[in-house]
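Chemist: Got chain A sorted already, so can you dock chain B onto it with the hints?
Protein chains in written order, with the working numbering: chain A, 1 to 113; chain B, 1 to 113.
Treat the hints as calculated values from the structure; they're not laboratory data.
Be aware that one or more of the hints could be misleading.
Pairs count within a copy or across copies, as identical chains cannot be separated in the list.
[Unchecked claim] When the alpha-carbon atoms are kept at most 16 Å apart in a straight line, the in silico EDC-like pairs for lysine to aspartate or glutamate are as follows:
| # | residue 1 | residue 2 |
| --- | --- | --- |
| 1 | K73 | E10 |
| 2 | K52 | E108 |
| 3 | K73 | E7 |
| 4 | K52 | D33 |
| 5 | K20 | D88 |
| 6 | K20 | E67 |
| 7 | K73 | E50 |
| 8 | K73 | D89 |
Small disclaimer: the values here were computed from a predicted structure and weren't measured.
2 protein chains.
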Amino acid sequence: MALHHAEPGEIVDVRPLGAKLRQGINATLVLTDRLQVFRFILPAGEEFAEHKVHGEIIVQCIEGEVEFSSRGKQQVLRPGELVYLAGDDPHALRGRCDASVLVTIVSEKQHHA
Amino acid sequence: MALHHAEPGEIVDVRPLGAKLRQGINATLVLTDRLQVFRFILPAGEEFAEHKVHGEIIVQCIEGEVEFSSRGKQQVLRPGELVYLAGDDPHALRGRCDASVLVTIVSEKQHHA
Numbered sequence: 001m002a003l004h005h006a007e008p009g010e011i012v013d014v015r016p017l018g019a020k021l022r023q024g025i026n027a028t029l030v031l032t033d034r035l036q037v038f039r040f041i042l043p044a045g046e047e048f049a050e051h052k053v054h055g056e057i058i059v060q061c062i063e064g065e066v067e068f069s070s071r072g073k074q075q076v077l078r079p080g081e082l083v084y085l086a087g088d089d090p091h092a093l094r095g096r097c098d099a100s101v102l103v104t105i106v107s108e109k110q111h112h113a
Numbered sequence: 001m002a003l004h005h006a007e008p009g010e011i012v013d014v015r016p017l018g019a020k021l022r023q024g025i026n027a028t029l030v031l032t033d034r035l036q037v038f039r040f041i042l043p044a045g046e047e048f049a050e051h052k053v054h055g056e057i058i059v060q061c062i063e064g065e066v067e068f069s070s071r072g073k074q075q076v077l078r079p080g081e082l083v084y085l086a087g088d089d090p091h092a093l094r095g096r097c098d099a100s101v102l103v104t105i106v107s108e109k110q111h112h113a
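In isolation and in its complexed conformation, chain A is listed as follows:
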């Protein structure tokens, strides 16, 4: 799996990993001043404990099923479903079965007076 970050205009593969999921690695696919896109792998039963990020975030389920907890409720994300959260919104994820998600984070750019 490529560890380099895509150039503008470069095609990036975010298809399901399928049988290769457990050999897959979390990979940052796009990284710019404002934008970070990465694939995060959640094998069945594994958890990404509650955390928050400074910028707005989109989590899109690529494969499997993910328990997504935020704002006091737990929902199941299935392939082709996404959620977004405002910056600093605490959330947690857990794989109900082998799963991977595509995460997009919009950076809060630092502006200096």
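Modeler: Leaving out everything else, chain B in the frame of chain A:
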């Protein structure tokens, strides 16, 4: 198809439209100060002529095949593939067959001194 914009934490369906594609409509799914996510439908042979947007953009193919032209080259985007472009980078899209794409635009926030 919902025309309302998702609230934070609300699950948004971006699965392929399949047989309903030609009855589908372009829909903005998420809209905040910084972030716009919409589904754009490209029936076979239809074109979204060259244009540019001010912010960084990600185009992800949901279904079908899309000719994506930018930076002097034409590529084919297939389901599960995405590209990003820097702001103001001209690009054009054309459906090679009935297709839909998920477009994410990071707004350039206006800062006033």
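Chemist: Since the copies are identical, ignore which copy is meant and state whether K20 and E67 lie within 16 Å (CA to CA) inside a copy, between copies, both or neither.
Modeler: neither (21 Å within a copy, 29 Å between copies)
Chemist: Since the copies are identical, ignore which copy is meant and state whether K73 and E50 lie within 16 Å (CA to CA) inside a copy, between copies, both or neither.
Modeler: within (13 Å within a copy, 43 Å between copies)
Chemist: As a check of your reading, is K73 near E10 (CA-CA no more than 16 Å) within one copy, between copies, both or neither?
Modeler: between (37 Å within a copy, 11 Å between copies)
Chemist: Between the shortest in-copy and the shortest cross-copy C-alpha distance, which are at most 16 Å for K73 and D89: within, between, both, or neither?
Modeler: Answer is within: at 13 Å inside a copy they meet the 16 Å cutoff, but 40 Å across does not.
Chemist: Within, between, both or neither: how does the pair K52, E108 come out at a Cα-Cα threshold of 16 Å?
Modeler: Within. Shortest intra-copy distance 13 Å satisfies the 16 Å Cα cut-off; inter-copy 23 Å does not.
Chemist: Go through the copies and call it for K52 and D33: within, between, both or neither, with a Cα cutoff of 16 Å.
Modeler: Answer is neither: 19 Å inside a copy and 19 Å across each miss the 16 Å cutoff.
Chemist: How would you label the pair K73, E7 (within, between, both, or neither) given a Cα cut-off of 16 Å?
Modeler: For K73 and E7, only the inter-copy Cα distance (14 Å) is at most 16 Å; the intra-copy one is 37 Å.
Chemist: If the cutoff is 16 Å on CA atoms, where do K20 and D88 land: within, between, both or neither? Let me know, please.
Modeler: neither (33 Å within a copy, 37 Å between copies)
The structure is inconsistent with the numbered hints 4, 5 and 6, although it conforms to all the rest.
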